[in-house]
Structures are given as structure tokens and as C-alpha cells.
Amino acid sequence: MPQSPVSRRKRDDAGANAAQVPGTETVAADLVGLLHGNAPIEDFASHLASLEALPDGLVQKNRLIELARMAMGLRSRLEQHEQRERGMLAVIESAQDMAARLDLSELLKAIVTRARDLLRAHVCWLTIYDAPSGEFRVVVSEGAIIGRTAKMTVQRKLGVAGVVMSTRLPFSTPDYLHDNRFAHDPELDDIFRDEGVAALVGVPLIWDDSVIGLLFVADRYHRTHTALNISVLCTLATHAAVAINNAQAFADAQSALEKADMARAELERHASDVQSAVEAHERLTLLLARGASMGELCQAIAQLLQGSILVLDEMHHVVGRATASGDVSAAADAYEPHGPHSAALAQALRDSRRAGRSTIAYESGGELCRVTAVIGGGGTLGSVLLFRREDMRDISIRTFERSSSVIGIVLLSQERMEANQSRDISEFMQSLISPRQGEPVLARARAERFGLNISQPMSLMLVELDKPVSGLLARRLRAHYAWPELVLDDIDGVLAFVCGTTRAQQLLDAFSDFARRELGGAYRGVLSRPAHSAAEMPALYAALRRALSVVGRLGMGGRIVGQNEIALYSVLFETQDSASLNRFLDSVIGPVIAHDRKRGSELAATLLSYFDNNQNATVTAARLGIHVNTMRQRLASAEDLIGFLGDASRALEIHVALRLWIIGVAGSNSSPPGAPDSGHDPASPAELQG
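Mapping of the sequence shown onto our numbering: residues 1311 to 2000, in sequence order.
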């Protein structure tokens, strides 16, 4: 029976479809090829989808689909085995790193890198717990985009760290920012939000049942990790904990070894220092026993301590100095007895005397000045200064302090020698100025011991100081002016110099130069006329003492005046009392002074300037800055008040009275306008008489 066209067409389509259906062997071969080629799971899924798209009426369709599913299952198991193999390999490599690497930072970096690669995570970091602050701080990170991620600190009770810290178990979240199972840290959430973190896994680093750190992996998408991933991550965390503990133990052992080495080195240094101190003491003792000079002792001490040494007397003046070979000390060279560091030095000496130890006084130009007081004979003999770029160890400081005892012995010996010499000089000076001089032959013999020939003309100079230090100054000057034909001593608080008249000007110049440097204006003195024999010295000394008092009352400080210069003033002061002097001033220039006080004029000052300029009106007017006619008018007014100025004896009286007035201004505290500068504060006539 012939078939209809429709039936025939259906039969032809079925035959064509049957021809397109792959055979079982073909499908199996394709799946085995995919497995052999280690094709990704997506290729198997695509193959399965093509088989599931076959017509439902095919008998072998279900069988083919089952084959594809079996191949996919086998591929998944192979992938799991590969993942386990990668995990074991990572664990083995981590263990090898622990055995091969000593640098902790490199080892932790390797563990973090392997954890990130193994779990194919976007970010991984490791934190260490800081017990004092109660925080976990990141020590190494991998894959972070923003800088803040590598600097995170996490509170132990917040975030995933709080959960892991409390449970000591791993914790995983697929969506960290929206997970409400733990307390969030707003600052940490901001960092994760900027980093794009979504999924997060944290595992603890445990040692001795304590969490010492945390290992984290994070992804920028929602993800759930397998138990295998977390297990491998825990193993890597354990390796990190072991590494951290081993590093700490190694550091402790290294520290103990270093401390032992330091203790041994310190013991060796101490033994060496003790030996050096013994040798230094022996050397200084030998120098002292040999009678070494102050300079030799200072040089030995400077060489021992590798610095610069200054020895000062009780007035802070240098009596000895030395510098170690090859050393230059600008601070020692710049030292001045009353320089910018004198206050600091005085305080340091007080501290040294009180404590019996040396102390740092000041620093100058990068050099330290260490000072120690020199005690001996029941008092302070002086001090020793040491200048160095850096301070010394304690044993060297002790050597420096012991050296001051040696210096003290020398200073005490010098002081006793000076005392003996001073006693001899004092006896000679007293015999010279005493009214009862004794035998001339004996006086001449004593004078010759000091190089003074009393049969030749002599000059006497007396100097009075504002401060009572003439005895100390006399010792200094004797050492400074070791001239022949010069004897000096402290007599009743006044410095007395006796020399040959031929050396008087040399003495005056030398002492004036010394006084400008050392005393400023705090002294006054008188130089006598030549004495032609020793018999004239007692009367000359008495006259100079009276003249010295006059110089003080006239305020003539900071200078040495000749006996002739002060003769007129000496006569006035020696013969007149205060009331008589006031009467003299009133009788000679009283009307002028009264006129100036009443009218505020300047007649007295003008008149004094007129006499000082040899009674030349033109020169005086120029000096005062006034017109010559004004000058003549003032002179006329003065003559109306006190009489004619042209008489020589009268002019002398007026000039002397004006000179005394400008010194005292009748008890006022300042000179009137236009008065010449007298160089001192004025005093009243009563004060001038004392």
C-alpha cells in the first residue's frame, strides 16, 4: 500500500535525526578526551547541555546524558584531588621555608602569598596581637589596593577578630559588611568598603593556648569557602605561629648572648680601666716624688685623660695649663677668670666642694668643661678644669679627681713657700716703713736679699682696692712681677710697692695695664716722690697713706696719681675739718652757687670751664657751645657776685673751690647742666672730709 506524502516526510525526518545522533562510543571518546586534556568543568557542562538538547524520543539519549554526568563527577573529584595536592604542597613549602628562612618578615610574607594563591583570594593579610594595647596590627599583606589596609589595627573585641579571639576557631562570612553576628568597627568597615571586601575568612595563630595573631583572606565578591580551604588556611596559620614563636625565642637567645658578650666586654674594659688607673696613679706619684713642676704634672694629666688641663688658684686665675699631644682646645684657650662662664664655674665649684666629686660646669664650642675643687690645708686651694669633646667613663673621672689631690699637694707646697717668702718680705717692709728701722747694715742686708739697693733713690707706691683681696693679689703680683729691685706686699689691707726710682715708671705702666684687665676701676693709688735714703721711707709711707685717703674722697678711682698731683688737696684735707671746708667753699664761691640754685643758671660750671681753659674766654665759649659775648656776660655776672677774677691768688682759690664743688656739689647727687664730667659721683664737703 503506497504511503501518503506526510507519512513519507515524517519517516525521512526521523531517519535524518537518527543519522545526527552521536553514538555511545563517540560520546565516551569525547568525554575521555576532555578528561585527558584536563579541560575545565565548563567544557563538560557545555557537552552535557548539548546532549540534553537531543530529541526526547531517542533511546540512547538518557544513556549519553548519564555518561556526561559521570564524566563531570569524575572531573570534580580530580579537581578536589588537585586542590588537596596544592594545599599539601603549600603546607610542605611553608614547612620548608620555616626550616630554611631565618628572617621572620620574609617567612610571613611567603605564608601570606601562598595562602592568597592557594585560595585564589583577592586580598590576604596577617596580624600579630599586641597585648599592651589590646590590638591586632597588620604586619604583612598581599593584594591590597589602598594603603590603609596594610596599616590596619583591630580591637580584640570587634569584628571577625573578636569572634576568633573568643572561640579560638576559624570564622567565615560571605558578606562581611552586612553580617550582624559580631560587633563592627566603623573605622575597619570604612577600610573594607574602600577596599571592596565582601567575603572574609579569619583563622587564629595559636601558641601555648593563646591567640598570638590572625590570618585573613578576603574576596571582592560573595564567596563561601570549603572546609578544605579553611583547613589548609589553619595549617598555614599554625606555621606562622610557630615561626613567630621561634623568631621570638631566637631573638631572646640572641639578646641573652649579646648581653653576655656585653658583660664580658664591660668586664674586660673595667679591668683595663682599673689597670690604667693604677698606672696613672703610679705615674703621678713618681712625678710628685721626683719634685716635678706644676707644668709637668699638668702635661701628664692632660696626656692621661686626652684633654686640656687648667689649674686655677682661689681667685680663678690660671697658674698651670697643658694640652694632650695633637689636641687643640679653643675653650681652654678662651678661658677668662671673669668671663661669660664664671657664674656656671662658681656654681660647679660649690657643688664639687659639697659633694667631694667633680662635675660638669659648662659647654663651650662643643667642648665640656669638667671641674673639681682642690682642697688642702683646711681650705680651698683652687680648682682643676678639664676640657674634652666628650665626657669620660667613671674610672677616668675618678683618675681626674685623684689627680686633683696631687695638684693640691703641689699648690699647698707652693703656698707654704710663698708664705715663708711673704713673711720675709713682710718683715723687711715693716722694718723699712717703721719709724724705728733698726740697724742700717741689717736693713741693707735684708734689702739685698730681694735685689733692692736702699742706698740708691727709691719710690714707694700704695694701691687700695675696693674689695679686701690685697693679700691674694700680692701673691699673684709677686709671681707676675719677679723683677730685680722690686719688693711688694700687703700692708694693712693696702698693696705696697718699693722699687728703685729708675724702675718707677715701668712699675706704674705695668701695674696700670694689669689693673685695667683685672680690676677695672675698683682701685686707686699714689706714687711717691723719690726717697733718697731708707730713713725717709717711714714719713713717706705716712704721707702716702694720708694722700691715698684723699684720693678716695675725691673719687679718683681707676688710676695711680703722683704725690705731687695730690699735694694741694692733701694740705686742704689734712688741715681742715668738714665745717671749715664748708666755710671755705661758701666764702669763695658761695654767692655763685646760691645764684645758680635760685635762678637755674650755670655760672659755676661756666666759671670752672673758664679756669680749666687757662682763663681764655674765646676757647671756653667754643667748648661750651655759646657765643663769646654770652661768655663775657656770665663772667661779668660772676665778678659782680664774688669779685675780680684777674688776681692770681684769688683765681687759685676760686679754681680750687670750684674743683671741690664739682666733686661734691654741696651734697647734691648730680652735676648741674654744663658742668664738666668729673668721672665720679659728686659728694658733699662733709663727705669729702670723711
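For the record, the hints were derived by calculation from the structure and aren't laboratory data. The structure displayed is predicted, hence computed values, not measured ones. All C-beta atoms, glycine included, are put in the ideal place defined by N, C-alpha and C. Errors might be hidden in some of the hints.
DEER-style ranges, computed between Cβ atoms [said to hold, decoys possible]:
#, residue 1, residue 2, range
1, THR1812, ASP1950, 49 to 57 Å
2, PRO1647, SER1723, 19 to 27 Å
3, ASP1701, PRO1647, 20 to 28 Å
4, ASP1950, SER1843, 26 to 34 Å
5, ILE1501, THR1336, 20 to 28 Å
6, GLN1564, THR1536, 38 to 46 Å
7, GLY1935, ASP1643, 20 to 28 Å
8, ASP1643, ALA1557, 48 to 56 Å
9, GLY1649, PRO1778, 20 to 28 Å
10, ALA1581, ILE1501, 56 to 64 Å
11, GLN1816, ALA1587, 48 to 56 Å
12, LEU1487, ALA1563, 40 to 48 Å
Going back to the hint list, which numbers does this structure go against? 4, 5 and 7
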